[in-house]
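Engineer: The residues making up each chain are set out below.
2 protein chains.
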Amino acid sequence: MTPRDWLHKFGAALERGDLNAAAGLFEPGGFWRDLVAFTWNIRTCEGRAEIKAMLAATLAATRPSSFAAKTDEWFTFETALGRGIGHLRLRNKQAWTLLTTLQELKGFEERRESNEASPAAKAPFVLIVGGGQGGIALAARLKRLGVPAAVVEKNARAGDSWRKRYASLCLHDPVWYDHMPYLPFPDYWPVFTPKDRMGDWLEMYVKVMQLDYRASTVCTRATFQDGAWEVQLVSNGEPLTLRPKHLVLATGMSGFPQMPKTAGLENFAGTVLHSSKFEGGAAWKGKHAVVVGSGTSAHDICQDLHAHGAAEVTMIQRAPSIVVRSESLMELAWGPLYSEQAVARGISTAIADLTVASVPFKVLPDLQKPIYAEIRKRDADLYAGLEKAGFQYNFGEDGSGIHALYLRRGAGYYIETGASQMIIDGRIKLKAGVSVDHFNQKSVSLTDGSVLAADLVVFATGYGSMNEWARELISPEVADKVGKVWGLGSDMKGDPGPWVGELRNMWKPTRQENLWFHGGNLMQSRHYSLYLALQLKARYEGMATPVYYLEPVHHLS
Amino acid sequence: MTPRDWLHKFGAALERGDLNAAAGLFEPGGFWRDLVAFTWNIRTCEGRAEIKAMLAATLAATRPSSFAAKTDEWFTFETALGRGIGHLRLRNKQAWTLLTTLQELKGFEERRESNEASPAAKAPFVLIVGGGQGGIALAARLKRLGVPAAVVEKNARAGDSWRKRYASLCLHDPVWYDHMPYLPFPDYWPVFTPKDRMGDWLEMYVKVMQLDYRASTVCTRATFQDGAWEVQLVSNGEPLTLRPKHLVLATGMSGFPQMPKTAGLENFAGTVLHSSKFEGGAAWKGKHAVVVGSGTSAHDICQDLHAHGAAEVTMIQRAPSIVVRSESLMELAWGPLYSEQAVARGISTAIADLTVASVPFKVLPDLQKPIYAEIRKRDADLYAGLEKAGFQYNFGEDGSGIHALYLRRGAGYYIETGASQMIIDGRIKLKAGVSVDHFNQKSVSLTDGSVLAADLVVFATGYGSMNEWARELISPEVADKVGKVWGLGSDMKGDPGPWVGELRNMWKPTRQENLWFHGGNLMQSRHYSLYLALQLKARYEGMATPVYYLEPVHHLS
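Going down the list, the protein sequences come from chains V and B. For the first sequence, position 446 matches number 568 in the working numbering, and the numbering has no gaps at all. For the second sequence, position 478 matches number 600 in the working numbering, and the numbering has no gaps at all.
None of these hints come from the bench; they were simulated from the model. Treat the hints with caution; some may be incorrect.
Which copy is meant is left open, so a pair is good if it fits within one copy or across any two.
Claimed, not checked - Think about it this way: if two alpha-carbon atoms lie no more than 27 Å apart in a straight line, the pair counts; the simulated DSSO-like pairs of lysine-lysine are:
#1 K286 - K329
#2 K317 - K329
#3 K484 - K244
#4 K244 - K317
With the rest of the complex left out, here is chain V (with noise of 0.2 Å):
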């Protein structure tokens, strides 16, 4: 059976409302990805049962149909509403994965526009808290799709939340990854953009993109009654409110400050920050630091107070984190999707972002693991060099790597581009498997009993849960009943089970109506903006969007 073969007999069963012959079609165990095109929802059906569960509640009112191949993997279809593409792999003769994404609704297609100039901003129907790469790209899709929306932002400027960052901040995915919708960098882009130029770069797209973007405004407390929001928000010093239909939290999921308690805090006599509170090394040159953590941050941290002349720098390691260098996981890992020869060979930023997505999350981690296996015996003298330093590596509990880690909870890795090669070297100092026991006045004394002294100490230890936000702005309540976002129930570290198959609340309906959450990196910022502003404009159209499957509630943060 070709794809052509599969793709019209699936057509050709959904279109009569087979159910079983559908689901037959499948490996008993095959995965069905849909982003919004079935289920109004982000969803991955795993198995024959689960499949065809979904399908038997959503197909009437889908009604797929136009199912036609491009490629021997991808095709286009249409549904009741919209037009979608999609991507098959077949394994001897049934799907293993299949993935059907929305990618416009009929009748509110973009369209070019027109001459005149922007009509001025109508009040939102959604209000977008948090106006950085997320939350802008978010809000380009909306203004392209004709949904009011306007984006509120505590800094004063479009991307000063990359400005105010330590000097030697810059992205350490490739610029190809990173692109913004509807306007890439150009094609003389750094590798990988320092800090500064993306802070401007956004900036100029809020401004090129006509965004109705607020700065200075900072969100106090949300309520959510009668079916819409009131939003209170104090934007240049004035209060304000606002009754958005919608509210989408992009605040970051590296956004809510995380720092475990210590004790003898009240006795230390030097500054203590958290790792997202440091602005650079300058100020402690001459000084002795300690930073905690160990994975990008961290790292990051110790190598510019190093480059700024601090007198000693201990990184406090306290569990395993993953190494890779930056040119093997560019040529191994981002290579094929993501590089100037994946462009030369015609990989688009959207077919690489759809390839990524056409991958089902229960099986990433099996097509990772060779290319972390190859990572350790090209990389072999840095992972010798780490050992010998004492620095405690692996390549995720299941040797699955930073992608896979980073959908399981956002941290723990380290690309490395400098400060690896410093802990080899002594030029950062280590302190591993320990934390932090207590503060003294000059010093720390650590859970092994010694004793170091600090003029600084940073907490690069991460970032809880956004629905802490949630609780911050809207209530308690509200953050239990969406619970935990982010992750995949991997039933590893920082990403409790069971597994959902699916990342936790993103960019999708949460069990709080009319609340969103979005953020990740560029590439899922870019990417997953799509298939958030499709749903938020199908209820700004009012159109039926009947959501198939909430999730669970399993954990509160």
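Go by the hints and put chain B onto chain V.
Structural biologist: What follows is chain B alone, placed relative to chain V:
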């Protein structure tokens, strides 16, 4: 003989230095247009004798090689110093037209930017006077080539020269024609960019390209001595002297306002403006306005005044002008190279630009005439209406339309986007074949003796030659040494003969050492900025740049 055969023979003849054989591969009256690759100049050789003379002077230094056909029309080649792209049109086995263009200098290719922050701006090797689209495009090219360059602009913000114009102004060229280098407009961009969006785009572009752009800076005097310029500036109110090696006047091909001296001005109680100073019709509601001229500005301004409720708007048409419907121009003139359809056919901006460049200016009118013959038929209703209203229209003195007219004198046409219909309807009044004889206190008297009440008189009477800027900034002697800028020597109105075959003094060496003129429409600013930038880069790197053929100066302004 196939194009590949021709190219093979041509390359072989050049490599063995056989000028007769090379020239003999052209039609007796064939054309070779060279953009910097052979001549370090912009030069069209017309006929075998000119071709042979050019080769005799340039071949030894150029050492062309590696001619390689890419399609039946396009080829690549190398010279001693650079790499180029060429275009060939064969007729009866001989070359009718040949284009050779330098695209990059060996060892100085444009490279992806590094992740490092840009180093602080160096003292400029090139000073660009005028920060509109022309100056900005050139500065961007020089930035990418690593040539220190600064742009000085009298306005406070990049883009102000667009923002300050009347509100209804928008580009009359379609978006595909208007891209800036490196960073094209997004796909959804309006076909005809409104002026404020253009202004904002330029401001963003300056920032994203990290240009050394000095706003609120006026150039007061420039003197050439000892092989460099001494330039006096006033920057934000403070005097400043710069000593660049090269000076580029990018002050606007339409930048030096030209107004006829008219008797009685001192008695006039109303307002008199050049079109470039007209900021919009809002101030003239209920007033009587007279607009002198019948080109683009005159039409736009009449339309804007009428839209804002002026009591009476009269256009004074002194001489015939070309009127063409935007839709017809789009379909018949732009469409094949600059349109959504062209993009869909794979015609990139670069290919479109090079295709335009491949047509020798001598040949252009005959290629354009059929387009206008078709337009005349298709839009017979428009022309009948204009005739009935008394409007004097033509299609250029030789019927070759606006593209040719633009090259001859940069003015004299209107792309109909509403004002012509207003003239036909009588909403805009028209007096044709007359001019203003003198001003009275509250009116103007025309040369036919009629009198028009006037609160406002706008002279939409065009612009002087760009060497007027040299007269003002440098000296009358330098202005006269350089001579008239723009025009081909067609011996038609505004473009006196003799024929010179290229735009006078544009983007190429002038008779004043180290003085250059840059500008034109957005397409020209984009495309020719490459060749001007390469000429400057070669000089910056100390390469030998023997200039072949400096045009004699036939006209002083």
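Engineer: Evaluate each hint against the coordinates.
Structural biologist: Do the hints match the structure? See the list:
1. K286 - K329: The answer is both: 20 Å in one copy and 18 Å across copies each meet 27 Å.
2. K317 - K329: The answer is both: 19 Å in one copy and 15 Å across copies each meet 27 Å.
3. K484 - K244: neither (43 Å within a copy, 54 Å between copies)
4. K244 - K317: Classified as between: cross-chain Cα gap 23 Å, same-chain 32 Å, threshold 27 Å.
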